[in-house]
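*Asks:* Going down the list, the protein sequences come from chains A and B.
Residue numbering for the first sequence follows our numbering, starting at 1 and increasing by one per position.
Residue numbering for the second sequence follows our numbering, starting at 1 and increasing by one per position.
Just so you know, the hints here were simulated from the structure itself, not pulled from any lab data.
From the three backbone atoms N, C-alpha and C, an ideal C-beta is built for every residue, glycine too.
Some clues are possibly wrong.
Unchecked claim - Which residues of chain A face chain B? A partial, calculated answer using Cβ under 10 angstroms:
1. V8
2. L15
3. F16
4. A25
5. I39
6. V44
7. L46
8. Q54
9. L65
10. S76
11. L79
12. S99
13. M100
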Amino acid sequence: MSIPLQHVLILASILFAMGLACVVAWRANVIMMLIGIEIMLNAVMLVFVGGSAQWGMADGQIFSLMLMALTSAEVSLALAMVVYLHRRKKSVNTDDFDSMKG
Amino acid sequence: MEAILFYILATATLIGTLCAITARQAVRAIVYLVTSFFALALIFYLLGAPLVAAFEVIIYAGAIMVLFLFVIMMLDLGHPEKMQAPRLADWWPAGLLFVAILGSVVVLVGTGRPQAPSAFTGISVREFSLALFKRYGVAVEIISMQLLFALVGALYLGRRR
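Isolated chain A (complex conformation) (with noise of 0.2 angstroms):
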């Protein structure tokens, strides 16, 4: 093991940056808001598994199954949702779906 804790952790914080301005740049586009928690729940799951590989403990690997798991329900419900609005206003922007404005 001679990958020190704190190189891991700065990809793991560069990845979690460019997740964030994913989601922030490509706010008018579900899909792409989407690819950015995508981006970012990897860089979680690396700093888990970096921190399993310091300590010598399973908990963090355990964990980042757990979170695997999640997104997957996560995505699971977002994309029905998108097919679901899209059925009903013909598109993905953010900005069509303005209805509950008072």
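Dock chain B against the given chain A, drawing on the hints supplied.
*Replies:* Relative to the frame of chain A, chain B by itself:
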């Protein structure tokens, strides 16, 4: 050896993610992201997590990204003119956030002292499964309930009316 591989894979991950978030078409973004996830799976393997690496390839690159591709193709969103690309004015808050996070990382690296790498060779599948099903058995049950709820919710949202 491991360290050199790690830096190469980290570069591949970062370049793939950068291409994904700046791609004009959603399908290209998905393909770039699959590349980046493969590199990330190898990083997980280097960090002594073979099972997580396998699940990264099977679930993330295999299932979730294919689900995205399915939805993009089903809704016919592959045309670039249907996806409104962000203008330059949309990028500056994102760039500001990115620079802020990067700056804080640089400050943290500058002030903290590096921790020595531990003598660790990896966690075998056997150890992993023992911990998963003995100590975290309740968590597995809760996750299975959550997946069931997600399934029911997706079926409810997807039905024709």
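*Asks:* Mind checking the CB of A/F16 against every CB in chain B and telling me if the closest is under 10 angstroms?
*Replies:* holds (7 angstroms)
*Asks:* If you take the shortest Cβ to Cβ gap from A/V44 to chain B, is it below 10 angstroms?
*Replies:* With a minimum Cβ separation of about 12 angstroms from chain B (threshold 10 angstroms), the hint on A/V44 is violated.
*Asks:* Report holds or violated for the interface hint on A/L15, using the least CB-CB distance to chain B and a cut-off of 10 angstroms.
*Replies:* For A/L15, the interface hint holds, since the closest Cβ of chain B sits about 6 angstroms away, which is under 10 angstroms.
*Asks:* Against chain B, run the beta carbon of A/S99 and see if the smallest gap drops under 10 angstroms.
*Replies:* For A/S99, the interface hint is violated, since the closest Cβ of chain B sits about 17 angstroms away, which is over 10 angstroms.
*Asks:* Classify the hint on A/A25 as holds or violated, based on whether any CB of chain B lies nearer than 10 angstroms to its CB.
*Replies:* It holds, given that the least Cβ distance between A/A25 and chain B is near 4 angstroms, below 10 angstroms.
*Asks:* Does A/I39 meet its interface restraint, that is, does its C-beta lie within less than 10 angstroms of any C-beta in chain B?
*Replies:* holds (6 angstroms)
*Asks:* Under 10 angstroms, Cβ to Cβ, is where A/L46 needs to be relative to chain B, so tell me if that hint holds or is violated.
*Replies:* This interface hint holds because 7 angstroms falls under the 10 angstroms limit.
*Asks:* Given A/L65 as an interface hint, is the shortest Cβ-Cβ distance to chain B below 10 angstroms?
*Replies:* holds (6 angstroms)
*Asks:* Answer holds if the nearest beta-carbon of chain B is closer than 10 angstroms to that of A/S76; otherwise answer violated.
*Replies:* holds (5 angstroms)
*Asks:* Would you settle whether the hint for A/Q54 is holds or violated, based on the nearest Cβ-Cβ distance to chain B being less than 10 angstroms?
*Replies:* Given a least distance of 6 angstroms, the restraint on A/Q54 holds.
*Asks:* Tell me if the interface restraint on A/L79 is satisfied: Cβ within less than 10 angstroms of some Cβ in chain B.
*Replies:* holds (5 angstroms)
*Asks:* Tell me if the interface restraint on A/V8 is satisfied: Cβ within less than 10 angstroms of some Cβ in chain B.
*Replies:* holds (7 angstroms)
Violated hints, listed in ascending order, are 6, 12 and 13; each of the other numbered hints is respected by the structure.
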